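Read top to bottom, the protein sequences are chains P and Z.
Residue numbers for the first sequence follow the working numbering, beginning at 1 and rising by one.
Residue numbers for the second sequence follow the working numbering, beginning at 1001 and rising by one.
Derived by calculation from the structure, the hints in this document are not laboratory data.
Quick caveat, the model's predicted, so the values are computed rather than measured.
Mixed in with the good hints, there may be bad ones.
Just a sample of chain P residues kept apart from chain Z, beta carbon distances all over 12 Å, derived [as the list claims (entries may be wrong)]:
(1) D94
(2) W99
(3) R100
(4) G114
(5) D116
(6) P162
(7) A234
(8) D235
(9) R241
(10) Q245
Straight-line C-alpha distance at most 20 Å; calculated SDA-like pairs for lysine to any residue [claimed, not checked]:
(11) Z:K1160 / P:E62
(12) Z:K1156 / Z:W1193
(13) Z:K1160 / Z:S1098
(14) Z:K1156 / Z:L1226
(15) Z:K1179 / P:F16
(16) Z:K1160 / P:D39
(17) Z:K1160 / P:E205
(18) Z:K1194 / Z:A1246
For glycine and all other residues, C-beta sits at the position ideal for the given N, C-alpha and C.
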Amino acid sequence: MKGAGAIEVEGLRKTFHQTGTGEAVVAIERLDFVIRQGDMVAIVGQTGCGKSTFLNLLIGLERPSGGRIAIGGRTPYDDFDHFRGVLAAVFQQDRLLPWRTAIDNVRLPLELLGRDPREQIERARAWLGRLDLARFERAYPHELSGGMRQRVALARAFAIEPALLLADEAFGHLDEVTSAALRRTFVDLARMEGNTAILVTHQLEEAIDMGGRILVFGRPGRLLADIDLRTWPADKVGRVRADIQRMMHENQPDPQFTT
Amino acid sequence: MIVKRDEAAGGETVEALEARQPFRFPREMVIGLLALAVLWEMVSMLVPPFVVPGWGRIFRSLAGLRLDFVLITLARVVAALLISFVLGLGLAVVMYASAPFERYGRPIVRLFMAVPVVCWILFAVLWFKWVEFRIAFVLVVVCAPVFLVDVLDGMKGVSKDLRDMLRSFRPSRTHFFTKLVLPATLPAILTSWKINLSLAIRVVTIAELVGAVTGIGYGLVVAQELFSVADVFAWTLILVVILFLAEALLARVEERVLRWRA
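Just chain Z, with the same shape it has in the complex (with noise of 0.2 Å):
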């Protein structure tokens, strides 16, 4: 009988062959990028600097923008997704749990993601006077209900027959969901955290239009009143790198996390 492992490299660890791999240098990323950064230089010698600014002007801007702003806004990011994701896993869990609950609880949750992000955040301004509260409520009523759909249907999708071999060893109810249900919405679990990370850095820019004194959002208000394109860009640019940067650091803990997967 042969093994994968035996044709790949003579009985190596999995680890060992992963570490051997080269980097591939992202060539179609960058030149598509690249191409696209020429265009936008082109255009902005042709048109008025107000309405497309070169690159010149955008990184002078970025030179003198807040950048504690950019850390004031990702912590609030950061911790609204905790929060979404405590509160999406407890509901998925329990809603896993009990089937009545989940038939009550499921047309709520809908309705919550079928409400505008718009109108979420003028019932913030409405409804709240303290304004990081303001920006984690709208973060979390947008973000929980991702988690908490994904996580249950992750939940749901584990196979009758893992379960049936589970079960068939007895164990307890703890042991069936920290053994089995668990570890198998992990994939799951780190999709959703996928959507919500993009879905919360473009909802915090929004959230922080209304009202805030810090973060990105409060830039870039602060940019369209001074009519300065060029900040409205070098926040734009900042915002995209980080969202970037967000999913390849994702994509590097899926990647070891789910390394058991073929």
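Bound-form chain P, shown alone (with noise of 0.2 Å):
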């Protein structure tokens, strides 16, 4: 689908309201920004940025307070069934479901598409096998270690082949090498299927790893600054690094990055 994983945010606000006392709180105070289809983005800020809360709004589990945010011209919310094998995300807990083996997990959502059951069992197979899991098709979450639950998590969400893939902090938890090569595997895949891919973090070494662009957020939900990594000379990556981290540490932007 053309243009199928192109984003438009446009003064998107999200607002709740604490259970009892009703009080409001600001989890987004506005955003604008667009991600082209095929781009590759990551996402970084502290904990309370918004970073979680603008991924259900992209995924279409919450509604947004106001302004807009689209995916290929459709909103994730009110559309909620278009984008059924648009959109797959992979999150922080693998979310894998306890009583299905590894290849059934990995056929839930294109069950879901109503895929011919063959062919069902055909990708699933497959994709276990791009990420090395061949040998535990038929293994239990419970019987894997977190960083293959993971792998399996990656090859439920690549199966449906989607136009847009989110990772919400979905390496982070693990240990640094599993963590690397996870994150590793995700973009060398999303750059193969040419898939739109943000990654969600709260480590900015994961965000510069990426090697492509970077939404810095703020608190509460702002942007701080847009850079695209692939502008930079190499070795002013370094200098890049410590102003994105002053801006984060301060809450405040940087002129020299704003769009």
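Combine both chains into one complex, guided by the hints.
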């Protein structure tokens, strides 16, 4: 689907009301940016800057309080069913169904799409193979290590070949080596498949490691900087890293990175 | 990366590992029960047989009992439990889907659960003429609310993480239910079966005391009228064995169905 993974965010706001007191809490103050089809973007920011809220709005699990968020021209909350097979997410916890084996977990979204059972198995098997899990397709999640479970979750997301792939702190909780390897797999596969990919993280190193565009979020839910690392010479990346760290610490934008 | 399966047996399947686990003789249980049986026999030697009959008398009574009554009582329990389960599950699904229905329905279910069994039996005798219907009514009215509450709580206990994960893939309402809610509720369903099985076996005998001319409850009434303490003990023994066997059967089913649990 051409342009199906392009994202437009205009004046986006999200406010929650606390249970009991009814007090309004601003999760996203204002966000404006555009992500093109096939782009690879890392969203980085400290805890409480609205990263997960933004992702929930993007998935369509929450309705914006104001402004607009659209994927391929359609809003994920209002046109909820339109996005069946269009987007897939990998979360911080693997969120595998514990009663399903690895292959049955990968099949799950294909079952929801009503794909032919033979195709479901073939495709799930192929993705498990690509993620080095061919030997473990009959294993239940509790029999696998944390890294392997997250790879099953990756296979589940990639299996439907979505136009838009989202990863919400999906690798940060694993050990450094596993985390880096999985992130690399995620980036390589997303590039190979031509998906639009968004990686949400609170770890700046993870964002820089992706080597693409970085959106720096400040509290509460506003854009501090929009940086494309590919436009910066390699010897300047260290300085950019220091600038981002300072922005995140001071929660203030830097005019040199504002588009 | 190491997998538990690899650590255990070089990539063998879980089923193969389970199959190789040796049978463990329940030594403590057998010794405990045998000790009780010996104590019983010793007490029976000290007191008259119409108070505590010895095992010889009890086994003679067992041989003379109408064992078809056991099958009749079991059939009543199984039929009533199936009806209760369908009813409980159906209402739980409706309450899960409709918050107002749950808000209005919950207090009624709680009221039903608060009514003592003996009151339901009296209502059944006063309202209905047909004995089988009386027994079924009492069992269903006691067991269905347990199924309903346990299954509904199980459904509502499905983690938000899993619900959000599935919703991100845009399932239909039917898929959301069949792929996530129902399988996630399976442990709660099995627990409610365990609770209700022992409940139903205890309640059916009381229900059969009133009006029935078949079944273990009726057998107990006859034993009481004949002042046959050995018969009462023999029927009690049968009831306890049935309960133990049913629990063992459910434990096997649970082990098999929930083998995905760590």
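Query raised in the report: What are the numbers of the hints that this structure violates, sorted from low to high?
Result: Of the numbered hints given earlier, those the structure breaks are 1, 2, 3, 4, 6, 14, 15, 16 and 17, listed in rising order.
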